[in-house]
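Undergrad: Counted from 1, the sequence shown has number 252 at position 251 by the numbering used here; the numbering is strictly sequential.
Check each hint, because a few of them may be wrong.
[As the list claims (entries may be wrong)] Straight-line alpha carbon distances no greater than 25 Å define the calculated SDA-like cross-link-like pairs of lysine to any residue that follow: (1) Lys241 <-> Met161; (2) Lys177 <-> Pro203; (3) Lys72 <-> Leu171.
[To be verified] Simulated restraints on C-beta separations: (4) Glu218 <-> Ala198: 36 to 42 Å; (5) Leu242 <-> Leu210: 42 to 48 Å; (6) Leu157 <-> Ser180: 32 to 38 Å; (7) Arg236 <-> Pro153: 30 to 36 Å; (8) Lys183 <-> Pro146: 48 to 54 Å.
Just so you know, these hints were derived from the structure itself, not from any lab. Bear in mind the structure is a predicted one, so any value in this text is a computation, not a measurement. Virtual Cβ for every residue (Gly too), placed ideally from N, Cα, C.
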Amino acid sequence: MLKDVTLGQYFPGDTVVHSLDPRTKILMVILYIAALFTAKSWLGYALCLVFLASAVAVSKIRLSAMLKGLKPVVFVVILTSVLNLFYGAGEPIFQWWIFKISREGIKAAVLMGSRIIMLVMGTFMLTYTTSPIMLTYGLELLLGPLKKLKVPVHELAMMMSMALRLIPTLIEETDKIMSAQKARGAEFDTGNLIEKAKAMLPILVPLFLSSFRRADELATAMEARCYHGGENRTRLNVLKLAPRDFTTLTVGALLLAASIALARIGL
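Given these sequences and hints, build the entire structure.
TA: Next up, the structure:
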């Protein structure tokens, strides 16, 4: 299960999606999420699905990698869909005790499950096609106006980027600890819920210690290199928006506009 967590991973490539400005990709994710939550019908969801499928195809990210990243959220998808299934309005087609299933409930369950899946896959596209360094740079530029309000923009962007970058490292460390504990006879898949929770304690303690050790080493390395945050820092490659970025943002704006229009007219 741990190896299925792909959040924070970056897949290098030379596609159009990889070459987009990180600010463009961050804004596109925001527009995509807004369009996804605005959609109220099958047609609206179909537009979002076509947009997502096109982005995946252009980026040349393997579909297996996208589906693999969905495994950790399967429980959330199922739970949310079931809740929407039983609490839908309309004439019930099946009813038992306080539980009822209606056509509207089935529609809401399918749409909600599809929304979560497409939401996760869309956000994965950002980290899959953007390196942590460029993601930090893009976030810092987008949040730049907040510097006038004395907001530590560079530090916030750096922390978010480092958190994403350390997720695969912590997953790998957890897998190593679990393998070592299993070699000593530990069992993590047997027993009831309480027993499984107790079995995780031998993993959490060394994982926390390892995390603090890595954080201390990283802080020492940054201090040894005289790192002082974003003040007066220059960059070798300065980001500039290209025509493809404006075209991409236009497509994202049209997607959001179409989603809103379809929701307004009830299609």
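Undergrad: So, for every hint listed, does it hold in this structure?
TA: Tested hints:
1. Among the hinted pairs, Lys241 with Met161 is consistent with the structure: their alpha-carbon atoms are about 22 Å apart, no more than 25 Å.
2. Taking the CA atoms of Lys177 and Pro203, the gap is about 12 Å. The hint holds against a cut of 25 Å.
3. For the proposed pair Lys72 and Leu171, the alpha carbon gap of about 18 Å is at most 25 Å, so the pair holds.
4. For the hinted restraint 36 to 42 Å between Glu218 and Ala198, the CB-CB distance of approximately 30 Å leaves it violated.
5. Our hint of 42 to 48 Å for Leu242 and Leu210 holds, since their Cβ atoms are close to 44 Å apart.
6. Distance hint check: the CB atoms of Leu157 and Ser180 are about 35 Å apart, consistent with the given range 32 to 38 Å.
7. The hinted window of 30 to 36 Å between Arg236 and Pro153 is violated, with their beta carbons roughly 18 Å apart.
8. A beta carbon spacing of about 51 Å between Lys183 and Pro146 agrees with the range 48 to 54 Å that was offered as a hint.
Checked against the numbered hints given earlier, the structure breaks hints 4 and 7 and satisfies all the rest.
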